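K.L.:
Residues per chain, in single letters:
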Amino acid sequence: MSIPALGPDIPIRLFEVDVLAGNVTILDRVSISIGAGAPTVLIGANGSGKTTFLRAAMGLIPPSRGRITWGGREAVPPTRRAILFQRPVMLRRSVAGNIVYALTAAGFPRAQLEQRTDELLSLVGLAGLQARPARRLSGGEQQRLALARALARHPTVLFLDEPTANLDPAATKAIENIVQEVSAGGVKVVMATHDLGEARRLAGDIVFLHRGGVIESGPADVFFAAPATDDARRFLAGELLI
Amino acid sequence: MTENASALHLILTGDPMLFGIVRLSLAVSLSAVLFAALIGVPLGALIALTQFRGREPVVVVLNALMGLPPVVVGLSVFLLLSRSGPLGSLGLLFTPEAMVMAQTVLVTPIIAALARQTIEDLWIEYRDELDAMDVGPVLRVRTLIWDARFSLVTALLAGFGRAAAEVGAILIVGGNIEGFTRTMTTAIALETSKGELQLGLGLGIVLLFIIVLINAMAWGVRRAGEHFAA
Amino acid sequence: MPGTSRNTGRIVAAIMIGILSVAAAQGLAQEEKSIVVASTTSTQDSGLFDYLLPIVRQKTGIAVRVVAQGTGQALDTARRGDADVVLVHAKAAELKFLAEGESLKRYPVMYNDFVLIGPKTDPAGIKGDKDIAKALGKIRDKQASFVSRGDHSGTHLAELDLWKDAGIDIDKDRGRWYKSVGQGMGAALNIAGASNAYVLSDRGTWIHLKARGELDIMVEGDKRLFNQYGVMLVNPARHPNVRKELGQRFIDYLISPEGQRDIANYKIDGKQLFHPDADDAGA
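Chains as they are written, first to last, in the working numbering: chain W, 1 to 242; chain P, 243 to 472; chain X, 473 to 755.
Excised from the complex, chain W in its bound form:
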């Protein structure tokens, strides 16, 4: 299973992006560039705008102000991007049916559906569960199936919104392993988490959000060793930022 190393949607650039919902500002003048390589991890408190950032970068939410480019172009359809929501919804079908659906929606040739489905299920550790109704899976298994679904279309960028937030440690480890494997295979991973340990484990770059704005961003090792801003220091120390 070979995946192109640098896809057409990378780098993702946000230029002075505001996202408003009614009168409420969710993202505030965000300017940032996400390039190829190791996973970019978004951290920040609840309500800091991580989810909205991911959705905007995915292309699901148009910015109220500013613009976003993918690989230098605007308004690129999300054909080579995929997103895994915090609480993924399983289609009312079997496990295999969910994968097949994603593949078909992406225009996969019919002849290869079964093989690709089996490949993906093996990748996420759900081999053998093809016929099970997807909604009967456990929380961790559903997360893995959603991941397989997201990967079905050979994305060049994979967005993950707190994928392990509701999972026990064993399931969390399973997900993290898959994410690392996928990233090593050349997919750009952009992931939000509020688990600092997970951020340390997975991040190549960190983006620290607070109240809709990017407070700090940069290589993870630098960030954790010597955060540049006061807010970041206090956040890492475990303080509640209001």
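Rather than coming from a laboratory, the hints here were simulated on the basis of the structure.
Given the structure is predicted, the values throughout are model-derived calculations rather than measurements.
Just so you know, nobody snuck in bad clues.
With beta-carbon atoms standing in for the labels, derived distance ranges:
| hint | chain 1 | residue 1 | chain 2 | residue 2 | range |
| --- | --- | --- | --- | --- | --- |
| 1 | P | G462 | X | T593 | 51 to 59 Å |
| 2 | W | E16 | P | L288 | 35 to 43 Å |
| 3 | X | T532 | P | S326 | 23 to 31 Å |
| 4 | W | G218 | P | E367 | 35 to 43 Å |
Where is the CB? At the ideal position from N, CA and C, for every residue including glycine.
Assemble chains P and X onto chain W, guided by the hints.
P.N.:
Relative to the frame of chain W, chains P and X by itself:
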């Protein structure tokens, strides 16, 4: 027709008149549900999935139309189809086709309203994922209809139940003509008014049986639906 | 599984074809040689059509579709062009129909008679009376329960005429004893039986009625109780869709000696119900 036969006897010996009536009833109501579904499911899906001005009132009206009184529908269709009416040249009054028309009018709002509700609920559930998978509008609608199929079938069964049980509309537009437009419900009405209680009772038993069967099927469909929807 | 939706699609298509075939089979049963006859519920309730129409089919090849309504409604149906032939028993209304030009000719066919039915307890004391007008007068005087069809049917109109014969203005004189039910003869008889009331009925429906409860014939035989039937072809000049050949052939059969004999042969419990009188010019 054997006047003195008991209701059970008529059923068990397969009295041809009784079963001719049953066959006609099924043909009329099933056809009506078929046409109502062909109109109502896409209509319900359309309302569920598109934003347009006045959408809220449309939904309210659609739900209200579920309670259309059958006799009102019957009278309206009668005036349409009468020779002195706008569609008179079709010569459809007092025929089974007219009955199918009237029942289609009755059942379409039921199916459309229930389909709208079902599809809208599923849409709210599926929307993010379908957006994320960049699914085009046509495939979206097909997906929603397919994944909601059990609830939609239940809506069809509800429509059939309504059609099979009503008498007002088909009595007016069909004329209750013996051997031609006489169905279970209109025959029961007639036989009761004549005091021919045995035949009326026999038909009533068959009708009840069919209604119970429909409800059992609806229950079965809901159970089957739970397999994937659990 | 891939392919599931394809299979289901086939099943759905098969079901739809099945439904349409059943419907089509019903539709194929439609006759080309058929006419619509607007007639009355009491004629239908008497069972005459059940007996006669298969004979008509056999002898003329015509499938007669009877839409049975009240007389007023039957004539209105004909006025709207929704029937080819009208067969009712309300001479005044029929003559008016003729005068309007809705038909070109009225043919007398047969008569049956009305009987005054009442509870065996006979609160008005009229059993065996020969004079219908006097009997109605007694009912009004005693304010005994009376059920009226109230539906502008031939029977209803006959009843109203009889009140007039009795010198009673029933619109003024009616009280709670006079119940206007707006339904067919069978239903009216059932209501009368359930409420121990008098009711005017055609003899046919009475004989046909099984559940008589405590009812019995109170008055019969008065000439004013005779009920004349007339048949008319709807004017094809007014309504071009009228099947005039078939309709006329049906009428010709009814008034032919053979048709008249068939009508006379209709019996319930050995009793003849309808008396043919097509040859009676004054009928």
